[in-house]
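Novice: Chain residues, written in single-letter form:
There are 2 protein chains.
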Amino acid sequence: MKQKNKIYEVKNFSLENEQLLQYETLFHNANGYLGVRSNFEEGYPDSYQTVRGEYINGFYNFSRMNQAEKLCGLTEEKQVMPNLVDTQGIQLTVCGEPFSMFRGKILDSARILDMEKGVTIRRVIWRSPGQRELEIEITRMTSFKMLPLFTIEYRVRALNFSGSIEFFSTHIGDVRNSFSSKDPRVADGAARHLRPEAAVFTPEGFSTITSHTTTSRLTAVSMVCNRLSYPAAESREARGPAAVQEFRLNLDQGHSVTLTKYTVLCDSVHYQNCEDLAADLMKQAVSVPLSDWYHAQERYLKQFWETGNIQLEGDDALQNAITYNLYQLIQSVGKDPHSNIAAKGLSGEGYEGHYFWDTEMYIEPYFLLTRPSLAKNLIAFRYTTLDAARRNARILGHRKGALYPWRTIMGRECSGYFPSGSAQYHINGDIAYSVVNYYLTTKDFDFMVHCGAEILFETARLWMDVGNYYKGKFRINCVTGPDEYTCLVNNNYYTNVIARYNLKWAARFYRMMTEENKISPLAERLCLTREEILSFQQAADDMYLPYNQELDINPQDDSFLSKEKWDFSQTPPDSFPLLMHVHPLSLYRRQVCKQADTILAHFILEDEQPLSTMRHSYDYYEKITTHDSSLSSCIFCIMAARFGMTEKAYSYFGKSAQTDLMNTHGNTKDGLHIANMGGVYMSIVYGFGGLRIKEDGLHLAPVLPQKWGGYSFKLYFENSLLAISVKHPVCEITLLSGTEKTLFFYGKAHQLKDRLNIPLEPWGEKI
Amino acid sequence: MKQKNKIYEVKNFSLENEQLLQYETLFHNANGYLGVRSNFEEGYPDSYQTVRGEYINGFYNFSRMNQAEKLCGLTEEKQVMPNLVDTQGIQLTVCGEPFSMFRGKILDSARILDMEKGVTIRRVIWRSPGQRELEIEITRMTSFKMLPLFTIEYRVRALNFSGSIEFFSTHIGDVRNSFSSKDPRVADGAARHLRPEAAVFTPEGFSTITSHTTTSRLTAVSMVCNRLSYPAAESREARGPAAVQEFRLNLDQGHSVTLTKYTVLCDSVHYQNCEDLAADLMKQAVSVPLSDWYHAQERYLKQFWETGNIQLEGDDALQNAITYNLYQLIQSVGKDPHSNIAAKGLSGEGYEGHYFWDTEMYIEPYFLLTRPSLAKNLIAFRYTTLDAARRNARILGHRKGALYPWRTIMGRECSGYFPSGSAQYHINGDIAYSVVNYYLTTKDFDFMVHCGAEILFETARLWMDVGNYYKGKFRINCVTGPDEYTCLVNNNYYTNVIARYNLKWAARFYRMMTEENKISPLAERLCLTREEILSFQQAADDMYLPYNQELDINPQDDSFLSKEKWDFSQTPPDSFPLLMHVHPLSLYRRQVCKQADTILAHFILEDEQPLSTMRHSYDYYEKITTHDSSLSSCIFCIMAARFGMTEKAYSYFGKSAQTDLMNTHGNTKDGLHIANMGGVYMSIVYGFGGLRIKEDGLHLAPVLPQKWGGYSFKLYFENSLLAISVKHPVCEITLLSGTEKTLFFYGKAHQLKDRLNIPLEPWGEKI
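Residue numbers (the numbering used here), protein chains in the order written: chain S, 190 to 956; chain Z, 190 to 956.
Bound conformation, chain S alone (with noise of 0.2 Å):
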């Protein structure tokens, strides 16, 4: 494997299944519209594995899920991203001879992701049975341009021989999604979602398809066109769901033959008459030269890398696995409030293409401070999913409020087993919370008035009906933190410090929007009193947040530290991930922790308790924490360098950087671990860059590992563009556009005009 600059690159790559399923996932294209796994234009042999799939975020059908024992309002019905179309399939016969990179002999060959230019690339020189020789390059792209677009360039050249070449590009719209009986994390149930009509091919020539979805009465169309560089006899059919194309030629030695494959696939969620304008923009895609549509590619990514990169100084490996780690951002998200950002991006069918609170903790920070637009969008799906949220609160019982579900596509409740779904009701607080990080990153009051309020007062809503006073405190019972190793708990702390953000700032929207007379038609709306806000700021004042004296922890819930702490020394490595091998009770019923959680609430809200608390609460939970949940390295990387521990930061958040390219979780096949890419931003702008974001401002306190020479990032505040370099022993911060600000740089405040110059200082204590 080698990788520069914003190139992946993989040479004499590795023919065994495993590897190639990883590669599906990790060469994928995709641009936060369709996504396309990197398979073989020809196919594997028959008895290899492969997740084959085209997909469009936000695109679902329904599936039933039914429930071991039926009980009242549990989940029956979820909802599945579909694998669509396959439009990949290219079979390349020369002479008589079907390549295949399984016969023959492979001379040279590498697998390329190109970051600049947006591209991936195969590239392969084969030795046919026959003594042919060939070179082979395929150039993929999903375009950011237009996001329907996937092309496919297919270029031969024929370098011992002069012979009959031929081309089998197929589009076929009968296929299915990949499902495991066994891991609970991979789609699972009836495979078949769509019912694809015959193929037809319109009068330009481009073949189509139309399919539905089989139970959510969706459609998405799929259009194909296939164009030679090279006069060729060309013969073409619809065989029922399924068009073939196919083209015959003479290559002589030395000279090369290029079929482009152009894929548009729109659907009915994100489009009115999608076939109509496939059609359009099949027409459009072909009428201008494919490299312009490279061009166009790279200035989109050129704008991306401008503010979104990070650069490291002394560490290549690691510089590259954070440039792999930010592309993948920007090829998952969504760019339009109708699709979000699927805990497997679209890379791959693992957790169905449904949305978490990764989308909000994990992601959206990147795109809030380097791509404020696309921050909004998400914000702007969770507001055009509030009905659903409110149905889903009834449905748990609740009387008022709105209860965003735990995992969705299009706004209901995806989650078959509550007690580490639907029953993780932090999920509002954190939406709350990401809503009030945007309004303090980019002061945008009027998204506030319009979007914004009322997801904070129906999320506030929630919370005053699912907690309690008790002995004169607020309490919240019968909740899941966030960590998936102890459900069904009272009083989880982060919970409970994020509901009471939450209720707090649900009060203070409304004083805000009282204040600029923008209160009354919303309040008006959701019949939303000045009591009801009294009680919110009332219960936020009274929440219950567990402390323990002895300790001087944040108990993780009221009765966590009264459970017996597992046993690491009888636990053999294989065991892990532990959900994958133990009986929930049996970790139900310990002190062991998957993921990061009573930790991430001390970073998201570190002014709640004093630092000595917190610090003590890192060293108790990092004993206990498997890390089991790729979202949990980064939060601990984070947390490690606020306390000045900047080495052990600097490896777990190698651990975090690394997650995919390592498949260190060993599930890569199924998709890439989006939150945890986000969460490798968070490590460097939030964990070594020190950065917050308060009512008060922006906060840096930068550190600086000894392995590196520097890193430097761009950000954007109050739409002014900031530059970050931290660089032993100076951090210089340039205002490259904007206004003047204040600053607080290690809780001090400074003038930010045009630069400054801060000296680095030890942060953090070591207690």
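Some hints could be false.
The list cannot tell twin chains apart, which means a pair is met if one copy fits it or any two copies do.
Stated by the list, open to error - Calculated cross-link-like contacts (lysine to aspartate or glutamate; reagent style DMTMM-like; alpha-carbon spacing at most 20 Å):
| no. | residue 1 | residue 2 |
| --- | --- | --- |
| 1 | K195 | D465 |
| 2 | K660 | E753 |
| 3 | K662 | D747 |
| 4 | K259 | E739 |
| 5 | K844 | E502 |
| 6 | K259 | D817 |
| 7 | K660 | D747 |
| 8 | K195 | E713 |
| 9 | K565 | E950 |
These are calculated hints, taken from the structure and not from any lab test.
Given the structure of chain S, go ahead and fit chain Z onto it with the hints provided.
Specialist: This is chain Z only, laid out in the frame that chain S set:
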């Protein structure tokens, strides 16, 4: 409805579908091995629902149970009691007119359960559309003498005509189970559990169908013989997995003809070579007149009622209800160690024929006191499934000990939703409690050495693995108590107190067996050391039992009192049972009980707390208990009596006694509430009679509700038979057989030689 003596009779019964479904349950025939629902031989109209079934207790098929999310160790296969065959079919045709109660006119009708004769009767006087009048009397019996035998005696009398009569008797192997997709308490899933072979006729003319379960590799054989009292043209035919026999004759006015249909049903769980056995048994069955079998049935029941009945003076309705309830217990109880008592007995398919803690805590006491050999069988069943319980413990992550399944037929867990299933670890304590109770009542030390002690040791070991020390106390985290409206809690009072009892008695039996030189073989086999026994005793001594000083009650669990109380003022009456209308989280988060939990603990282990604490607990929990479980009212009855609230006890008793006869839970059609029926017995004997079996002997503290003239019952204690008669102003105890003993009345010792007369005292305290 009319009922007197041991007759339960409904005259001119309704033909509404819902009512017929209830009658199918209420008039079913069973003998603990075989159960037949009371379906019409001729069937209902096509639009009617019916649960037409014949079952064998302890026979099972495996059925897939999909988990919505596949967490490690969750149950994915359950056992189901299959509907085995339909041998009930008899179509009667009179001069070409088929008999149906839904055509023509019913001049008179009655359904009768005769609990002295052990038969059910349907009697109809019918006028056909063609004005022919018939008297039909159908008597059905499942024989207590020959358990695999079921008979239908079908007598027809021509009242106003002479003419042709046809009987068409069917034997159908291709049957299914009934299921509901909505009610979690009814079976679900694949309804076809058997593959029947083709029917064949034996040389004797018995039709035979051998059926194999689809997944559990078991076999059931049904054999049918039809005998007519009158010369007739006869034909027979086997048609695939069905056999029919037809009889034609001419009947003169005023005369009658009887078809006797014998069914023998044998299975491979209980018998080897069940095909041969069925044939032998059938030959035996038809070799004597049917009246011989009736006499044997009556003799069996005479003996049963001799010790098993309760006599009530001055309350006919309740007397009849008691008799009905007790009769259902003898119909339901397994007569060998391969079968137990299903939650619905053999009366329906609710709870899929599974055995629960109902056996030990609600039903076994009846047999222990009136027929100890049957109680011994029930414990032997738990002993034969001990290995399965050991394997179950491993699945739940326990290194040592055995964990009995929450619901099962053959020993493996069938609970699909573990928070209110497998997490009910108290079942281990319940079984241990029943073992000790058996010993204290019978002093059968030999059985303890061979079976009982091993159960005690293995269940005790489990508690050591599930519990842990914290702040000097032994605690049990993350289990569910009997009350299923609060799940996965810490230190459920019921669980902790019964675990303590389990641990204490395990240690005690170890010492007793050591003294008797009986411990070595078992201790060696189980690798049980003296140190381990000491740890049992220590944990018992250190067991944490939640107590709230302010309220002077035992909180149901650590956090119960901090939760909001359920708002009954906002709960419309049709919202009960709450489990059918409210999401589990809404229940778990509130103080609301489905059933007795702490109150049950106080009943079975009354010396663990001061009377005042138990009384305060009673008052506290009574207000928040819905009695949505049929296992609740009887316990509240017993404890109301204990606290001197005799009339309140009487009111609870009435509810409990009428549960199925009045269909108060609305689901009698799915089967009887057998545990509640045991609870009816307990309400009299433990409730009004004040019976407790303790280490020092038998305690009684009789009270008498105002409405009753008196009540009396018999019981075995230490191999002696006692008759207890309570009639104002005294309680008379007679030693019917056995040896002199010390008994305790109202806490004071009395010596029973032949007879004792104890003046009734007020009992319990109003605090």
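Novice: Work down the list of hints and note, for each, if the structure agrees.
Specialist: These are the hints, each one checked on the structure:
For a Cα distance limit of 20 Å, the shortest separation of K195 from D465 qualifies neither inside one copy, at 37 Å, nor across copies, at 80 Å. When the C-alpha separation of K660 and E753 is checked against a cutoff of 20 Å, the pair qualifies only between copies, where the shortest distance is 12 Å, while the shortest distance within a copy is 28 Å. Proximity of K662 to D747 under the C-alpha cut-off of 20 Å is found in both arrangements, the shortest distances being 13 Å within a copy and 17 Å between copies. Taking identical chains as interchangeable, the C-alpha atoms of K259 and E739 are never at most 20 Å apart, the minima being 44 Å within one chain and 39 Å between chains.
With identical chains, the CA atoms of K844 and E502 are at most 20 Å apart within one copy only, with a shortest distance of 19 Å there and 80 Å across copies. For the homomeric pair K259 and D817, the shortest alpha-carbon distance between copies (17 Å) is at most 20 Å, but the shortest distance inside one copy (30 Å) is not. In this assembly of identical chains, K660 and D747 lie within 20 Å of each other by CA distance both inside one copy and across copies; the values are 15 Å within and 15 Å between. In this homomeric assembly, K195 and E713 never come within 20 Å of each other (Cα to Cα): the closest approach is 53 Å inside a single copy and 68 Å across copies.
For the identical chains of this complex, K565 and E950 are neighbours neither inside a copy (35 Å) nor across copies (78 Å), given an alpha-carbon limit of 20 Å.
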